[in-house]
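Q: Sequence:
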Amino acid sequence: MLTALFPGSFDPPTLGHLNLIDRCSGIFDHVYVVIAVNPKKRYSFTAEERKQMLEELVQGYENVSVHTWDKLIVTFAESVNAKVMVRGVRALTDFNYEFELSMLNKGLNSHVETMFLPTDPKYFVLRSTAIKELARLGGDISEMVPEAIKSRVAKRYQEE
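Numbering (UniProt numbering), first residue to last: 1 to 160.
If you're looking for bench data, these hints aren't it; they were derived computationally from the structure. There is no bait here: all hints are sound.
Only pairs whose alpha carbons sit at most 30 angstroms apart, straight line, appear in this in silico DSSO-like list of lysine-lysine:
| no. | residue 1 | residue 2 |
| --- | --- | --- |
| 1 | K41 | K71 |
| 2 | K71 | K106 |
| 3 | K132 | K150 |
| 4 | K51 | K41 |
| 5 | K150 | K122 |
| 6 | K41 | K106 |
| 7 | K51 | K150 |
Please construct the entire structure, taking both the sequences and the accompanying hints into account.
A: Here it is, written out as structure tokens:
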């Protein structure tokens, strides 16, 4: 059984994230979507809120599960016997950051491989900071976040 992790902050979950989850679900036997919980980082949504949104979004996928994690991602990989970590990349700047992170993770656990999966072109410009700013200003985010969570996301940023 080939198991993969798709880790991230998912703050908020975007159509780009959902696209990668969909594509991974067709490649791997099981995909663990792992929501990062870092107490030193300021999130717009709590870990539980992000988990609820993602669970709602992936409920149609039998081979995808959603988890929160506040330790090293390679430790989660070990706990579920995952051999692959999938990282989405949009541009060279993403690749540079993700490559360095993959080298760090490889040093921590040489049995976990990192796969870089480029985003579909229509999601190339989706960045959470742009979504947050657009929502904060009352702009239309319907092409950026799934319809099921659009109103929740828009409301959150308009409250900030």
